[in-house]
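Engineer: All chains, full assembly: derive it from the sequences and hints.
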Amino acid sequence: MTRVLVVEDEPPLVRALTINLQARAYEVDAASDGTTALRLAAERRPDVVVLDLGLPDTDGIEVIKALRGWTRVPVVVLSARCTTHEKVEAFEAGADDYITKPFDMAELLARLRAAVRRNTRDGAGGVLPADESPSLTVTTADFTVDLAAKKVRRDGRPVRLTPTEWHLLEILVRTPGRLISQRQLLEEVWGTTFATRTNYLRVYMAQLRRKLEKDPSRPRYLITEPGMGYRFAG
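Per full-length UniProt numbering, residue 1 is the first one in the sequence shown, and the count goes up by one each step.
Treat the hints loosely; a few may be bogus.
The calculated lysine to any residue pairs, modelled on SDA-like cross-linking and capped at a C-alpha distance of 25 Å, are [stated by the list, open to error]:
#, residue 1, residue 2
1, K101, G229
2, K65, V28
3, K87, A106
4, K150, E107
5, K101, R113
6, K211, V88
7, K101, T175
8, K101, D29
9, K87, A233
10, K150, W70
11, K101, F194
12, K150, T36
13, K65, T84
14, K214, G156
15, K65, P158
16, K211, T84
17, K211, R160
18, K101, E62
19, K101, T36
20, K214, G229
21, K101, D59
22, K65, R81
23, K87, E107
24, K101, G54
25, K65, K101
26, K214, L179
27, K214, T196
28, K65, G156
29, K87, T196
30, K214, E187
31, K87, P102
32, K101, V14
33, K151, A233
34, K211, L179
35, K214, F194
Using C-beta positions, here's what the derived DEER-type ranges look like [claimed, not checked]:
#, residue 1, residue 2, range
36, R24, L179, 33 to 39 Å
37, A206, T100, 15 to 21 Å
38, N199, A25, 28 to 34 Å
39, T137, K65, 23 to 29 Å
40, P216, G69, 30 to 36 Å
Quick caveat, the hints were computed from the structure, so don't treat them as lab data. Think of the CB as a built atom: it goes at the ideal place given N, C-alpha and C, for glycine as much as any other residue.
Structural biologist: Here is the structure:
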């Protein structure tokens, strides 16, 4: 069974989430603050985390950063914060998806399934490995992508990517020079129900460029073909 850790300090919402998730055969753990959330994440090893940002003891952004120190478990933010700055901050910290309150339960469940599916397919779940895997690398003048170890280095220093960012980058670097359509990327990374959500691609590609490109506003490697898709210029 898929285990979900719900981090939320509103008891009625926790009850609603728990009922809906358990009705669909999920196992559910709940935490009302960041300290408890981090303890349960270590003890129970959830398959996905649903995280509110407005917690009583710490900001949810700090919880994401703490989790990313040792695990790639997908984190789906569920928050009333709705500005672009707040969303980007969560993604930069390591969130995999972001849903604003009020929300549709069916959409949340679909996002959870997609997050778990991506993580399972990528083999990115669980504790971060201590050892390097045998290297299959793509090298540019500015950064190196180790496809086997699922790691990126820029100027000799590791670059931390979320599982979603990694999945997008991996698809592109494995087919250098090839145009990958928007629909193909959306269906591959998020699933067929998200095939028209082109705003997702814009947000995540902007994040990748900020992390990898010397001049994100004039990308050299992660190229947009307007109205069509993206390609990697190795």
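Engineer: Hint check: K65 vs K101, CA-CA at most 25 Å. Holds or violated?
Structural biologist: It holds: about 22 Å lies between the C-alpha atoms, which stays within 25 Å.
Engineer: Does K87 pair with P102 here, judged by a C-alpha cut-off of 25 Å?
Structural biologist: holds (15 Å)
Engineer: Within a Cα-Cα threshold of 25 Å, do K65 and T84 meet the stated pairing?
Structural biologist: Holds: K65 and T84 sit about 19 Å apart, inside 25 Å.
Engineer: Assess, step by step, whether the Cα of K150 is no farther than 25 Å from the Cα of W70, and give holds or violated.
Structural biologist: holds (15 Å)
Engineer: Hint check: K65 vs P158, CA-CA at most 25 Å. Holds or violated?
Structural biologist: holds (16 Å)
Engineer: Would the pair K214 and G229 pass a check requiring their Cα atoms to be no farther apart than 25 Å?
Structural biologist: holds (21 Å)
Engineer: Next pair to validate is K211 with V88; report whether the Cα-Cα distance is within 25 Å.
Structural biologist: holds (13 Å)
Engineer: Per the hint of 28 to 34 Å, is the separation of the Cβ atoms of N199 and A25 within bounds?
Structural biologist: holds (31 Å)
Engineer: Should the hint that R24 and L179 are 33 to 39 Å apart at their CB atoms be regarded as holding?
Structural biologist: holds (38 Å)
Engineer: Per the hint of 23 to 29 Å, is the separation of the Cβ atoms of T137 and K65 within bounds?
Structural biologist: Roughly 27 Å apart at Cβ, these two residues keep to the hinted range, so it holds.
Engineer: Is K87 within 25 Å of E107, Cα to Cα?
Structural biologist: holds (18 Å)
Engineer: Between K214 and E187, is the straight-line Cα distance small enough, at 25 Å or below?
Structural biologist: violated (29 Å)
Checked against the numbered hints given earlier, this structure breaks hints 1, 4, 7, 9, 12, 27, 30, 35 and 40; the rest are met.
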